[in-house]
Amino acid sequence: MDKGKRFDTIRARIKENFVLSQDKIYADKNRLDISVSKQRTPAILFFCKEQLGFIHLMHVGIVDWIEDGTLELVFMLWSPTEKLRVYIRTRLNRENPVMENMDMIWPQLNTYEREFKEMYGIDFKGLIAAEEFLLEDWDGPPPMLRDFDTEAYAQEVFHTRPGREDAQDVREAIIKRSQEEIPDFAKKYSRQ
Amino acid sequence: MREKATTLYLGPQHPGITGNMMVRLKVEGDTIVKATTEVGYLHRAFEKLAEKRNWLQTFTLMCRFCVPEPDPMEESYSRAVEAIEGRIVPERAKYIRVMMLELARIGSLLLWHAGQAGSTGLYTVGQWTVGDRNYILDLFEELTGARIYHMYIWPGGVRRDFPEGFADKVLKTMDYLEGRLKDYDNLMFENSIFQKRTQGVGYVSPKQIIERGVVGPVLRGAGIRSDIRIDDPYEVYDKLDFKIPTETSSDIWGRALVRREELRQSIRIIRQVIEKMPEGAIYNKVPNPQKWTIPPGDALARTESSRGEIGFYVVSDGSNKPRRVHLRGAAYVHAMTLLEDVLVGQNISDVSTIMNSLGTCAPEIER
Amino acid sequence: MQNDSRSQKIVDIIQAYARRHSLWILAYGTGCGAIEIPSTMTSRYDAERLGVRGAATPRQADVLLITGYLTVKTLKRVIRVYEQMQSPKYVIGFGSCAINGGMYWDSYNTIKMLDQYIPVDVYISGCMPRPEAVLSGFGKLQDLIKAGVADGPKRYEENFDWYRANQKKIIKNWNFADYNW
Numbered sequence: 001m002d003k004g005k006r007f008d009t010i011r012a013r014i015k016e017n018f019v020l021s022q023d024k025i026y027a028d029k030n031r032l033d034i035s036v037s038k039q040r041t042p043a044i045l046f047f048c049k050e051q052l053g054f055i056h057l058m059h060v061g062i063v064d065w066i067e068d069g070t071l072e073l074v075f076m077l078w079s080p081t082e083k084l085r086v087y088i089r090t091r092l093n094r095e096n097p098v099m100e101n102m103d104m105i106w107p108q109l110n111t112y113e114r115e116f117k118e119m120y121g122i123d124f125k126g127l128i129a130a131e132e133f134l135l136e137d138w139d140g141p142p143p144m145l146r147d148f149d150t151e152a153y154a155q156e157v158f159h160t161r162p163g164r165e166d167a168q169d170v171r172e173a174i175i176k177r178s179q180e181e182i183p184d185f186a187k188k189y190s191r192q
Numbered sequence: 001m002r003e004k005a006t007t008l009y010l011g012p013q014h015p016g017i018t019g020n021m022m023v024r025l026k027v028e029g030d031t032i033v034k035a036t037t038e039v040g041y042l043h044r045a046f047e048k049l050a051e052k053r054n055w056l057q058t059f060t061l062m063c064r065f066c067v068p069e070p071d072p073m074e075e076s077y078s079r080a081v082e083a084i085e086g087r088i089v090p091e092r093a094k095y096i097r098v099m100m101l102e103l104a105r106i107g108s109l110l111l112w113h114a115g116q117a118g119s120t121g122l123y124t125v126g127q128w129t130v131g132d133r134n135y136i137l138d139l140f141e142e143l144t145g146a147r148i149y150h151m152y153i154w155p156g157g158v159r160r161d162f163p164e165g166f167a168d169k170v171l172k173t174m175d176y177l178e179g180r181l182k183d184y185d186n187l188m189f190e191n192s193i194f195q196k197r198t199q200g201v202g203y204v205s206p207k208q209i210i211e212r213g214v215v216g217p218v219l220r221g222a223g224i225r226s227d228i229r230i231d232d233p234y235e236v237y238d239k240l241d242f243k244i245p246t247e248t249s250s251d252i253w254g255r256a257l258v259r260r261e262e263l264r265q266s267i268r269i270i271r272q273v274i275e276k277m278p279e280g281a282i283y284n285k286v287p288n289p290q291k292w293t294i295p296p297g298d299a300l301a302r303t304e305s306s307r308g309e310i311g312f313y314v315v316s317d318g319s320n321k322p323r324r325v326h327l328r329g330a331a332y333v334h335a336m337t338l339l340e341d342v343l344v345g346q347n348i349s350d351v352s353t354i355m356n357s358l359g360t361c362a363p364e365i366e367r
Numbered sequence: 001m002q003n004d005s006r007s008q009k010i011v012d013i014i015q016a017y018a019r020r021h022s023l024w025i026l027a028y029g030t031g032c033g034a035i036e037i038p039s040t041m042t043s044r045y046d047a048e049r050l051g052v053r054g055a056a057t058p059r060q061a062d063v064l065l066i067t068g069y070l071t072v073k074t075l076k077r078v079i080r081v082y083e084q085m086q087s088p089k090y091v092i093g094f095g096s097c098a099i100n101g102g103m104y105w106d107s108y109n110t111i112k113m114l115d116q117y118i119p120v121d122v123y124i125s126g127c128m129p130r131p132e133a134v135l136s137g138f139g140k141l142q143d144l145i146k147a148g149v150a151d152g153p154k155r156y157e158e159n160f161d162w163y164r165a166n167q168k169k170i171i172k173n174w175n176f177a178d179y180n181w
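Protein chains in written order, with our numbering: chain Z, 1 to 192; chain H, 1 to 367; chain V, 1 to 181.
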């Protein structure tokens with residue numbers, strides 16, 4: 001059976017059980033994209049795992065769409081028997097991101113949730129884990145949000161070595177130091 | 001009589017720990033009753049930095065995710081970018097990429113030999129394998145100009161074609177390595193200390209492994225024939241002939257045998273690649289990197305590294321900088337939750353053996 | 001008096017000779033530079049012929065190799081480790097990210113100048129520095145010890161307040177014991 005047909009079967013089975021806001025198929029890329037609301041996400045993940053055989057969680061991606069005011073979570077599932085990919089997308093409100101804890105479906109989601117909590121400030125209801133994951137004594141905003149300016153923060157907090165302020169022409173400095181002649185053909189690449 | 005529990009901090013400064021991380025152990029006598037992993041010592045915020053770099057600048061960051069084996073990271077990122085953009089990679093470049101990946105796998109496996117044997121007290125293995133790894137690094141150096149971070153596989157192809165006589169050198173190195181393999185067997189796998197320290201230690205049930213999404217040699221050591229190179233073929237792996245070794249014991253010994261065989265298979269793949277490699281272009285030129293924009297979209301590229309499946313999730317919003325680059329490391333799924341469970345009931349002296357065997361790589365978790 | 005200073009000089013020379021030929025490095029791979037240390041220590045480059053070898057604990061080690069970037073979390077442990085080491089002790093900063101931040105110049109979690117936080121004797125540049133560069137760095141350190149200018153602990157003690165202020169600026173929760181110098 002070709003991939004398009006198998007995708008159709010999967011889509012039909014999901015549609016039987018859930019009312020979906022939107023779904024698209026990228027058959028050429030070996031994947032099925034499904035957008036769902038955040039309330040429905042745990043149920044559909046569980047359904048895909050238990051009923052459709054998508055037992056392997058490849059990755060959970062997270063994207064900060066600051067223009068839309070949302071955080072997008074992408075659960076990427078893989079079926080080792082069918083060799084197909086299903087992406088389940090859900091969007092959270094960026095101002096107050098709350099989601100249900102889902103680490104009973106896949107235990108490794110616990111690690112992902114800990115990271116997202118720290119890096120994006122998503123509150124997973126019912127997550128049992130230590131407070132800190134990667135950062136220690138961090139008191140700023142969640143750093144992976146797009147409005148956190150890492151360069152300004154680094155300038156403010158850390159000492160920087162003088163001489164890195166701007167992009168200098170290294171060759172000029174070398175010529176000055178070593179009195180080396182620069183060949184004619186190389187001069188046209190000079191920044192001046 | 002119940003012994004009093006003591007808390008023991010293993011790492012971050014500890015020679016047996018794989019990388020800069022910490023395992024907090026609660027021990028009763030010599031037996032571990034609770035283990036907690038603590039990471040974050042290597043968090044450099046690559047994924048944050050990528051927001052400010054353009055597509056090509058990001059690619060120089062990507063290889064630094066994992067030190068023992070940077071090439072799968074480069075390849076995976078490049079392939080994700082190509083998938084979004086629809087860029088076609090020349091056939092020869094694909095073969096060169098496979099060769100690089102396999103050379104990197106060999107280098108990483110040789111380093112693993114050193115770590116795994118060193119953690120059981122066999123330090124001579126490390127002297128030999130790390131010494132032999134230098135021959136692989138020499139090949140990298142001749143081809144790419146660098147020993148560790150090559151920045152060679154980039155979106156659109158590879159950066160340089162073979163220098164003159166390079167293919168022969170690769171084959172010669174493979175012959176040399178193949179001759180050395182029986183020495184490693186003698187020294188390591190037939191050593192009764194190594195066997196006693198690994199057989200039956202660090203058992204993980206296959207059910208647990210599948211449930212947790214653990215990949216790579218750990219999965220194959222539990223008797224499941226799963227490899228991204230076969231399951232979800234990329235580059236030219238579907239045109240090559242190689243075996244996926246499996247073992248059923250699911251302990252450190254089984255995983256060691258899987259890796260031992262993988263080393264042989266990698267040598268086999270490299271020979272085939274050199275033989276089948278076509279002539280032609282190596283690079284589908286990208287535009288001026290400052291102006292190079294990629295149409296909106298997202299892609300996940302999966303690559304089999306020596307520690308298992310890694311994946312790059314790359315999102316583009318149509319600008320000249322990536323919206324999001326998100327790595328899924330092989331160690332990400334097991335180092336926190338699985339390791340904590342496996343260590344319970346084990347001996348303190350086996351912690352480092354188990355960590356080496358699972359392939360825990362701290363920078364992959366923290367990024 | 002003159003006799004005393006002369007004998008002191010001889011003692012210094014012998015001390016420096018002994019110290020520069022037994023540099024034990026602490027096995028703490030703080031960053032990705034640690035990948036070249038196995039190559040440096042094993043058969044091809046064999047750093048042990050120069051007296052360089054690994055030591056497992058801070059108390060036995062002479063050299064603290066900072067292999068690459070230091071995150072804020074690691075910096076706290078590195079300071080702790082450095083203060084636990086016994087004099088004479090030397091620090092080698094390894095890789096361009098230890099020198100000036102390298103490619104992590106705008107990262108919020110890595111320090112940019114190592115010598116603001118602990119006294120550094122030798123920097124080895126490069127990303128990664130090759131084993132030859134590492135060996136040449138150790139050679140440089142040996143020269144400095146011979147000349148008697150590798151005096152990191154002295155600098156640390158004399159400018160202790162400055163170093164501590166810098167460290168405390170970054171490490172917010174300073175919850176470990178202050179050592180009695």
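I should point out that these hints are in silico values taken from the structure, not numbers from a laboratory.
Note that the coordinates shown come from a computational prediction; the quantities given were computed from them, not determined experimentally.
Warning: the hint list may mix true and false statements.
Straight-line C-alpha distance at most 20 Å; calculated EDC-like pairs for lysine to aspartate or glutamate [what the hints assert, rightly or not]:
#, chain 1, residue 1, chain 2, residue 2
1, Z, K83, Z, E50
2, Z, K5, Z, E16
3, Z, K3, H, D238
4, H, K182, H, D231
5, V, K172, Z, D33
6, Z, K117, Z, E156
7, Z, K49, H, E211
8, V, K169, Z, E151
9, V, K169, Z, E50
10, H, K196, H, E211
11, H, K321, Z, D103
12, V, K168, Z, D2
13, H, K321, Z, E16
14, V, K172, H, E38
15, Z, K83, H, D232
16, Z, K3, H, D231
17, H, K52, Z, D149
18, H, K207, Z, E50
19, H, K321, H, E141
20, H, K169, H, E211
21, Z, K83, H, E85
22, H, K285, H, E28
23, V, K172, Z, D137
24, V, K169, Z, E67
25, H, K321, Z, E72
>> Holds or violated: K169(H) and E211(H), Cα atoms, limit 20 Å.
In response: Answer violated: K169(H) to E211(H) is near 43 Å, above 20 Å.
> Within a Cα-Cα threshold of 20 Å, do K169(V) and E50(Z) meet the stated pairing?
Replying inline: 51 Å, violated
> Would the pair K172(V) and D137(Z) pass a check requiring their Cα atoms to be no farther apart than 20 Å?
Replying inline: 6 Å, holds
> Given the hinted pair K5(Z) and E16(Z), is their alpha-carbon gap at most 20 Å?
Replying inline: Holds: K5(Z) and E16(Z) sit about 16 Å apart, inside 20 Å.
> Is the Cα-Cα distance between K169(V) and E151(Z) 20 Å or less?
Replying inline: 18 Å, holds
>> Checking one constraint from the list: CA of K169(V) to CA of E67(Z), max 20 Å. Satisfied?
In response: 35 Å, violated
> Straight-line Cα separation of K49(Z) and E211(H) no greater than 20 Å?
Replying inline: 10 Å, holds
>> Hint check: K321(H) vs E72(Z), CA-CA at most 20 Å. Holds or violated?
In response: Roughly 19 Å separates the two Cα atoms, so the pair holds.
> Under the criterion that the straight-line Cα-Cα distance not exceed 20 Å, is the pair K168(V), D2(Z) satisfied?
Replying inline: 62 Å, violated
> Given the hint that K83(Z) pairs with D232(H), does the C-alpha gap stay at or below 20 Å?
Replying inline: 7 Å, holds
>> Need the status of pair K172(V), E38(H): alpha-carbon distance at most 20 Å?
In response: 19 Å, holds
> Is the straight-line distance between the alpha-carbon of K3(Z) and that of D238(H) 20 Å or less?
Replying inline: Holds - the C-alpha atoms of D238(H) and K3(Z) are around 18 Å apart, at most 20 Å.
Violated hints, listed in ascending order, are 4, 5, 6, 9, 10, 11, 12, 13, 19, 20, 21, 22 and 24; each of the other numbered hints is respected by the structure.
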